[in-house]
Amino acid sequence: MQCEDAEVLLSEMPEAPSGELNEHLAGCRSCRQTATVLGLASLPEPTALERAALSQLPLRAHQAWHVKEARRFSVQRVAGYALAAGLGALVASASFLSFRAPTPVLPQQVKAVEQRPAETLGEDPDWDVGDEGLAAPADDETAFFDVSWPSLTEGEEQ
Amino acid sequence: MTASTPSSPPSLSLVRAEPESDTSLCRAFLEGDSKAFGELVRRHQDTVYRVVRRYVTRPEDGFDLAQRAFLQAFEAARRTLPRLDRASGGEIPFRAWVLRIAINLAKNHSRQTRRWRLAPLQNVAPLRTEGSAQAALEHAEAEAMTRQAVLKLPKRQREVFTLRIDAGLPFAEVGRTLGITEANAKTHFHYAVKRLREEVEALMQPPTGAPHAV
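Top to bottom, those sequences are chains A and B.
Going by the working numbering, the first residue of the first sequence is number 1, and it counts up by one from there.
Going by the working numbering, the first residue of the second sequence is number 1, and it counts up by one from there.
Extracted from the complex, chain B is given alone in its bound form (with noise of 0.2 Å):
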């Protein structure tokens, strides 16, 4: 037995907490953890909000989407899971899941309300005052009509430029959450935004060809 050495006071060192990846905390979830539900539609909630919200005219309706859309993703996780523990890795693109399910959500909800030709939250987007009040009305005209332009994007270039845009996520998560590469989704956005001028272009020029009056 070794002489016992005056031992000094063990020091405490702050250690910042990492915070949990989706994987564990849907894991955690699906074993009962129901806080783990909280913490993920916490953290996700923002940006799958600002995705629907493009598609929709009233809140409500986004909040509606949004929520719909996380209950799928966690049920989707309850299907793969399984899957997922007997492959190595097994992780779950949880984040890329939900954004995807939104989309398809906000999609179909717009297609089934027929809600292509309105100005999407026109009514929440504040008037802007500088200026004169014609030329805040024609500032509000082309937002309305450019938001629509964006709606009647090709499909994948309207997922590319909403996730761009709207979520704000990086090429390379944009690329992740659709399937492609991050090559791809910029050359997609390059597109939607070549395209968008063009639409804005034509809608700004006066009509030419006009009937003279007599």
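Isolated chain A (complex conformation) (with noise of 0.2 Å):
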């Protein structure tokens, strides 16, 4: 038998080993101290009243089931109801919305404005730059530049 299955077998029966495990105990050392410390970490089999408070476990955990279902169906009848209330409140307020009586409608103010001609810059005597040295006189021929393109009968004799 090797140490593998000897600790299998151990872990089923730690306070009783028997048979072919024990004689693979008798000559290992390392299989007895797990022996020794498996029947130390195993627990003590339940007594007799908790045996006894175990059997009522059914009862008590049925009664605790429908509890609990209770408290579900009630949470749940609550949130319906919620649902309900606010599902309701939309649908009042938007009918009173829509079936509401239109508001009148005021008459629009007119208001007069008085409309002035277009101002050119001209006219406008405060665009007038007012220095009489910038301005060319009119009949000064030399102040004029002709910077347009040639017109295309230019040059041709009439």
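No lab work stands behind these hints, which were simulated from the structure alone.
Please note that the accuracy of each hint is not assured.
[To be verified] Beta-carbon label-pair distances, calculated as ranges:
1) B:T80 x A:V78: 22 to 32 Å
2) A:Q2 x B:E201: 16 to 26 Å
3) A:Q76 x B:K194: 47 to 57 Å
4) A:A79 x B:P19: 38 to 48 Å
[What the hints assert, rightly or not] Calculated from the model, a selection of chain B residues having no Cβ within reach of chain A, i.e. all distances over 10 Å:
5) R27
6) E31
7) L81
8) K107
9) N108
Since this is a predicted model, take the numbers as computed values, not measurements.
All C-beta atoms in this analysis are idealised placements derived from N, C-alpha and C, irrespective of residue type, glycine included.
Dock chain to chain to rebuild the complex, using the hints, since each chain is given by itself in its own frame.
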């Protein structure tokens, strides 16, 4: 028997090894230590008191399940009522908004606005530069530069 | 029409009734059969209680944790059943669910109550009276220390150890419960035992390097 197999067998019955396992334990110090540790680590059997209390567990658990279910249903019912109330309020407000009396339309106020003719730069005294020296004399032809392109018929003999 | 022959009386044979599976019981309960609930709880209550027992110091806490584990497992079954019905097979691994839930609840309980340092159910364990009183005390102390060491094992090793030693599940079912392979469960168990042996050996050795009295 290998130590791995002995460990598996010891985990099944750490308190009462028998047969081939006993022979292995007699010659293997490591497995004896494993048996000791498993024996120390295993818990004692449940007492008669614990077993008696445990036999009531199905009934207790069933009652707890019913309480839990009742609470769940009540929460669902309250949530349903709240949802229904919210929807009702939404529908009511929408219908109120759509069916309420139309508000009277006030006549538009007409305001007389004084319209002035379009102003030009020349007429506006504010835009008058007022610099007499900059203005070229009307009869001074030297001050005129024709920078436009020549016409298509320029230079042709008439 | 054929001539009627004298027929022999029908023979009755006893047929051993197969126990209902966890899945059919769970289904029956969720469809309204309240007896199925009790049957399922009765079937697994001992295993579940043995698993949570290691983590509690009072039996009442163990009963409470076992009850909560069953309720949560039924809740999980109700959530999962419609999905399982759509899938082929539709088996409910109720035992694995309730054991995993029980382990998690017990672990959370011990963390919340900060009872790691107390020897679990020490008051329930009978004191061994063979041999001298000194030997009995030393044995009780060694048991308490070893059980503390079990609670300090890494998570997976502790789960495997608890399911194997306390619940007595075979390694294949330990693996199914924890979602690991059987070989992996055996490996975790081996390392858990190795670690416990080291802990116990360290505890059993007399302290060295104590200051000498002048």
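So, going through the hints one by one against the coordinates:
no.	hint	result
1	B:T80 x A:V78: 22 to 32 Å	holds (26 Å)
2	A:Q2 x B:E201: 16 to 26 Å	holds (22 Å)
3	A:Q76 x B:K194: 47 to 57 Å	holds (52 Å)
4	A:A79 x B:P19: 38 to 48 Å	holds (40 Å)
5	R27	holds (16 Å)
6	E31	holds (14 Å)
7	L81	holds (16 Å)
8	K107	holds (16 Å)
9	N108	holds (18 Å)
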